[in-house]
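Chains as they are written, first to last, in the numbering used here: chain A, 1 to 337; chain B, 1 to 337.
These are computed hints drawn from the structure, not numbers from a lab. One or more hints might be untrue.
Pairs involving identical chains hold if they fit within one copy or between any two copies, as the list cannot separate such chains.
To be verified - With a cut-off of at most 27 Å between alpha-carbon atoms, the simulated DSS-like pairs for lysine-lysine come out as follows:
#1 Lys232 <-> Lys209
#2 Lys113 <-> Lys139
#3 Lys68 <-> Lys236
#4 Lys54 <-> Lys316
#5 Lys86 <-> Lys316
#6 Lys173 <-> Lys89
#7 Lys257 <-> Lys188
#8 Lys106 <-> Lys139
#9 Lys174 <-> Lys155
#10 Lys56 <-> Lys257
#11 Lys173 <-> Lys316
#12 Lys173 <-> Lys257
#13 Lys139 <-> Lys188
#14 Lys151 <-> Lys140
#15 Lys95 <-> Lys140
#16 Lys140 <-> Lys113
#17 Lys117 <-> Lys155
#18 Lys140 <-> Lys155
#19 Lys68 <-> Lys33
#20 Lys199 <-> Lys33
#21 Lys89 <-> Lys316
#22 Lys139 <-> Lys56
#23 Lys221 <-> Lys177
The structure displayed is predicted, hence computed values, not measured ones.
2 protein chains.
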Amino acid sequence: MEESFDDPSCLSPQAPGCVSPARRQIREVKETKTTINGVTFPLPGEGPEQQLLKPKEWSYCDYFWTDKKDPQGTPSVAGFEVLLQKQLKGKQMQKEMSEFIHERIKIEEEYAKNLSKLSLSPLAAQEEGTLGDAWTQLKKSLHDEAEVHLKFANKLHTEVEKPLLTFRCDNFKKDLKKYDHHIADLRKQLASRYASVEKSRKALADRQKDLEVKTQQLEVKLSNKTEEDIKKARRKSTQAGDDLMRCVDLYNQTQCKWFEEMVTTSMELERLEVERVEWIQQHLRQYTTLRHETDMFNQSMVEPVDQLLQNVDPAKDRELWVRENNTGDVRPVDMDI
Amino acid sequence: MEESFDDPSCLSPQAPGCVSPARRQIREVKETKTTINGVTFPLPGEGPEQQLLKPKEWSYCDYFWTDKKDPQGTPSVAGFEVLLQKQLKGKQMQKEMSEFIHERIKIEEEYAKNLSKLSLSPLAAQEEGTLGDAWTQLKKSLHDEAEVHLKFANKLHTEVEKPLLTFRCDNFKKDLKKYDHHIADLRKQLASRYASVEKSRKALADRQKDLEVKTQQLEVKLSNKTEEDIKKARRKSTQAGDDLMRCVDLYNQTQCKWFEEMVTTSMELERLEVERVEWIQQHLRQYTTLRHETDMFNQSMVEPVDQLLQNVDPAKDRELWVRENNTGDVRPVDMDI
Numbered sequence: 001m002e003e004s005f006d007d008p009s010c011l012s013p014q015a016p017g018c019v020s021p022a023r024r025q026i027r028e029v030k031e032t033k034t035t036i037n038g039v040t041f042p043l044p045g046e047g048p049e050q051q052l053l054k055p056k057e058w059s060y061c062d063y064f065w066t067d068k069k070d071p072q073g074t075p076s077v078a079g080f081e082v083l084l085q086k087q088l089k090g091k092q093m094q095k096e097m098s099e100f101i102h103e104r105i106k107i108e109e110e111y112a113k114n115l116s117k118l119s120l121s122p123l124a125a126q127e128e129g130t131l132g133d134a135w136t137q138l139k140k141s142l143h144d145e146a147e148v149h150l151k152f153a154n155k156l157h158t159e160v161e162k163p164l165l166t167f168r169c170d171n172f173k174k175d176l177k178k179y180d181h182h183i184a185d186l187r188k189q190l191a192s193r194y195a196s197v198e199k200s201r202k203a204l205a206d207r208q209k210d211l212e213v214k215t216q217q218l219e220v221k222l223s224n225k226t227e228e229d230i231k232k233a234r235r236k237s238t239q240a241g242d243d244l245m246r247c248v249d250l251y252n253q254t255q256c257k258w259f260e261e262m263v264t265t266s267m268e269l270e271r272l273e274v275e276r277v278e279w280i281q282q283h284l285r286q287y288t289t290l291r292h293e294t295d296m297f298n299q300s301m302v303e304p305v306d307q308l309l310q311n312v313d314p315a316k317d318r319e320l321w322v323r324e325n326n327t328g329d330v331r332p333v334d335m336d337i
Numbered sequence: 001m002e003e004s005f006d007d008p009s010c011l012s013p014q015a016p017g018c019v020s021p022a023r024r025q026i027r028e029v030k031e032t033k034t035t036i037n038g039v040t041f042p043l044p045g046e047g048p049e050q051q052l053l054k055p056k057e058w059s060y061c062d063y064f065w066t067d068k069k070d071p072q073g074t075p076s077v078a079g080f081e082v083l084l085q086k087q088l089k090g091k092q093m094q095k096e097m098s099e100f101i102h103e104r105i106k107i108e109e110e111y112a113k114n115l116s117k118l119s120l121s122p123l124a125a126q127e128e129g130t131l132g133d134a135w136t137q138l139k140k141s142l143h144d145e146a147e148v149h150l151k152f153a154n155k156l157h158t159e160v161e162k163p164l165l166t167f168r169c170d171n172f173k174k175d176l177k178k179y180d181h182h183i184a185d186l187r188k189q190l191a192s193r194y195a196s197v198e199k200s201r202k203a204l205a206d207r208q209k210d211l212e213v214k215t216q217q218l219e220v221k222l223s224n225k226t227e228e229d230i231k232k233a234r235r236k237s238t239q240a241g242d243d244l245m246r247c248v249d250l251y252n253q254t255q256c257k258w259f260e261e262m263v264t265t266s267m268e269l270e271r272l273e274v275e276r277v278e279w280i281q282q283h284l285r286q287y288t289t290l291r292h293e294t295d296m297f298n299q300s301m302v303e304p305v306d307q308l309l310q311n312v313d314p315a316k317d318r319e320l321w322v323r324e325n326n327t328g329d330v331r332p333v334d335m336d337i
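Based on the sequences and whatever the hints tell you, model everything.
Next comes the structure, spelled out in structure tokens:
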């Protein structure tokens with residue numbers, strides 16, 4: 001609330017009769033600012049129009065000045081807290097993404113294990129010739145596929161899972177805590193300074209009231225107060241006014257300090273968030289690259305099978321088998337008498 | 001053994017003294033054929049050179065005339081049996097290949113199940129904005145991959161496993177048994193005919209011996225045998241000769257019948273084998289085609305993820321988040337006195 005310490009009466013609406021025209025003026029001065037939780041804002045529509053510090057950028061430094069309202073509508077959580085929580089949540093997100101990739105890795109390893117095991121199967125091992133060769137290669141190709149998937153799993157681990165997990169080591173949380181405490185301390189200081197302002201404002205009001213009463217008493221000669229008493233009261237009033245000025249000054253300095261820290265730190269958090277998003281994007285693209293590669297390698301494992309199947313030749317197989325298994329090529333002849 | 005029923009003495013080497021010059025000639029005639037297990041073959045180097053029925057084709061009908069020798073060297077298993085066993089083994093091979101494919105199907109279904117389950121994971125579901133969209137699509141892509149693998153499994157079942165299993169239904173084995181019994185019966189007949197030949201050959205030898213003895217006895221007037229007795233003995237000898245001719249004739253007819261059936265049936269088995277090999281080749285090529293397709297479809301499941309990752313925009317995400325979560329854009333101002 002705007003106060004003028006030249007006019008003590010704006011705090012004493014109970015004595016309407018002794019209000020001078022000058023005093024009446026002051027009561028009509030509008031409140032143009034409000035202090036909430038120690039921070040002073042212009043009221044809506046009051047004061048010069050504010051331009052965003054970073055227009056069109058939706059920057060953190062422009063949007064988190066007020067404290068966040070609780071469900072009952074009371075501003076309770078610092079805007080900075082909201083920014084901080086976002087960063088902490090971001091770290092949680094990267095951890096969960098890493099877990100997800102870990103689960104994928106396990107699935108790939110299981111798949112590879114099963115394919116490898118089946119590739120060793122003796123089923124139809126007795127098939128011979130060109131068909132047998134093709135079949136043998138088909139079985140082997142399962143092991144080749146398994147290798148591809150194992151390689152995929154390993155690369156997922158080193159190029160996606162691990163980086164996601166270890167990006168921003170544990171010092172990150174400590175750093176965030178430091179920011180948190182620093183800003184919180186500045187708010188506490190600000191609150192404290194504001195309390196001092198309120199206290200000195202009240203002290204001034206008391207001194208002014210006292211001066212007014214004494215002046216009135218002098219006018220109606222109600223007491224034996226001397227001019228000396230009034231001078232003393234006036235001096236105290238002036239002193240109280242000086243105190244208030246000093247308090248307001250200190251308050252504004254502190255608010256200014258907090259303001260600067262807010263801008264600097266919220267910009268840092270903004271930068272960290274951009275870095276986080278880009279870093280995750282980069283590593284998820286690595287995931288898709290590995291997926292592409294894997295499917296391509298996997299496809300190529302079928303090539304040798306295709307080749308051998310193309311070479312399957314029943315005539316050749318017959319020759320091979322007949323050479324190996326024939327019982328005799330001399331044909332029977334008629335018996336003679 | 002070549003026999004001439006004009007000369008009974010080739011069976012009685014025990015009476016050297018009464019051998020006429022004519023008889024001595026016959027003893028020097030070579031054996032040019034041999035009968036093994038009822039089948040008659042030319043001896044090595046004897047008789048006109050045989051050309052293969054189907055030169056350069058390694059045809060079954062050229063190479064399975066002799067019975068297969070057992071470890072002791074005794075011919076015991078018909079060549080035809082060897083061909084039949086090959087066909088039965090072929091059926092076993094296709095069954096085992098079918099089983100192998102079945103195992104692959106199970107592995108694919110397990111893999112699909114695991115991917116699908118993981119795709120539903122809530123990990124990092126709280127990530128928002130363009131990064132959140134990319135992450136959501138990444139998780140969904142696992143389900144898309146699962147669908148691709150399930151489709152692969154299903155097609156493997158209908159286009160490879162099932163055909164391999166049901167190719168040549170159970171009637172096939174019955175048909176093979178029919179061939180088997182038919183050929184075996186003809187061999188039995190042949191053996192029986194051969195036994196008759198041997199029996200009549202012996203009967204002839206006995207009659208000739210009898211005639212010889214009686215003729216000698218007449219010359220030295222050792223007995224009271226009349227010319228009549230010799231005529232009777234000579235008639236019986238001639239009759240035995242006729243019997244032998246008939247037996248040999250029947251034998252040759254039967255061998256000829258068996259020969260023809262062998263050629264026809266072994267050609268059929270050869271055709272069945274070519275058909276089997278080509279049919280398996282065709283269906284294994286279907287397997288590789290499905291593998292190719294699967295890897296291609298799988299790769300394409302990553303495209304939408306790539307697209308969204310490309311669109312990840314930290315600035316946009318900041319705007320979205322700030323619009324949603326900002327606490328106030330009015331900046332603090334100095335407190336007035």
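Hint-by-hint comparison with the structure:
Taking the shortest Cα distances, lysine 232 and lysine 209 sit within 27 Å of each other inside one copy (13 Å), while across copies they are farther apart (179 Å). With identical chains, the CA atoms of lysine 113 and lysine 139 are at most 27 Å apart both within one copy (14 Å) and between copies (23 Å). With identical chains, the CA atoms of lysine 68 and lysine 236 are never at most 27 Å apart, being 41 Å at best within one copy and 135 Å at best between copies. Only between protomers do lysine 54 and lysine 316 lie at most 27 Å apart by alpha-carbon distance; the minimum there is 15 Å, versus 80 Å within a single protomer.
Taking CA atoms no more than 27 Å apart as the test, lysine 86 paired with lysine 316 passes between copies only; the shortest distance there is 16 Å, against 71 Å inside one copy. For the identical chains of this complex, lysine 173 and lysine 89 are intra-copy neighbours only, at 11 Å inside a copy versus 69 Å across copies, given an alpha-carbon limit of 27 Å. Proximity of lysine 257 to lysine 188 under the C-alpha cut-off of 27 Å is restricted to the intra-copy arrangement: shortest distance 12 Å within a copy versus 116 Å between copies. Taking CA atoms no more than 27 Å apart as the test, lysine 106 paired with lysine 139 passes in both settings, with 23 Å inside one copy and 15 Å between copies.
Within a single copy, lysine 174 and lysine 155 get their C-alpha atoms no closer than 31 Å, and across copies no closer than 55 Å, so neither meets the 27 Å cut-off. For the homomeric pair lysine 56 and lysine 257, the shortest alpha-carbon distance inside one copy (26 Å) is at most 27 Å, but the shortest distance between copies (102 Å) is not. In this homomeric assembly, lysine 173 and lysine 316 come within 27 Å of each other (Cα to Cα) only across copies, at 25 Å, whereas the closest approach inside a single copy is 71 Å. Taking CA atoms no more than 27 Å apart as the test, lysine 173 paired with lysine 257 passes inside one copy only; the shortest distance there is 24 Å, against 96 Å between copies.
Taking the shortest Cα distances, lysine 139 and lysine 188 never come within 27 Å of each other, neither inside one copy (72 Å) nor across copies (45 Å). Taking identical chains as interchangeable, the C-alpha atoms of lysine 151 and lysine 140 lie at most 27 Å apart whether they share a chain (17 Å) or sit on different chains (23 Å). Taking identical chains as interchangeable, the C-alpha atoms of lysine 95 and lysine 140 lie at most 27 Å apart only when they sit on different chains, with a minimum of 19 Å there against 38 Å within one chain. For a Cα distance limit of 27 Å, the shortest separation of lysine 140 from lysine 113 qualifies both inside one copy, at 14 Å, and across copies, at 25 Å.
In this assembly of identical chains, the alpha carbons of lysine 117 and lysine 155 lie at most 27 Å apart whether taken from the same copy (22 Å) or from different copies (22 Å). Taking the shortest alpha-carbon separations for lysine 140 and lysine 155, both the intra-copy value of 23 Å and the inter-copy value of 21 Å come in at or below 27 Å. Taking CA atoms no more than 27 Å apart as the test, lysine 68 paired with lysine 33 passes inside one copy only; the shortest distance there is 19 Å, against 114 Å between copies. For the homomeric pair lysine 199 and lysine 33, the shortest alpha-carbon distance inside one copy (18 Å) is at most 27 Å, but the shortest distance between copies (138 Å) is not.
Taking the shortest alpha-carbon separations for lysine 89 and lysine 316, only the inter-copy value of 18 Å comes in at or below 27 Å, while the best intra-copy value is 68 Å. Taking the shortest Cα distances, lysine 139 and lysine 56 never come within 27 Å of each other, neither inside one copy (61 Å) nor across copies (32 Å). Taking the closest pair of Cα atoms, lysine 221 and lysine 177 never come within 27 Å of each other, the shortest separation being 65 Å inside a single copy and 145 Å across copies.
When the structure is compared with the earlier hints, violations turn up for hints 3, 9, 13, 22 and 23 and for no others.
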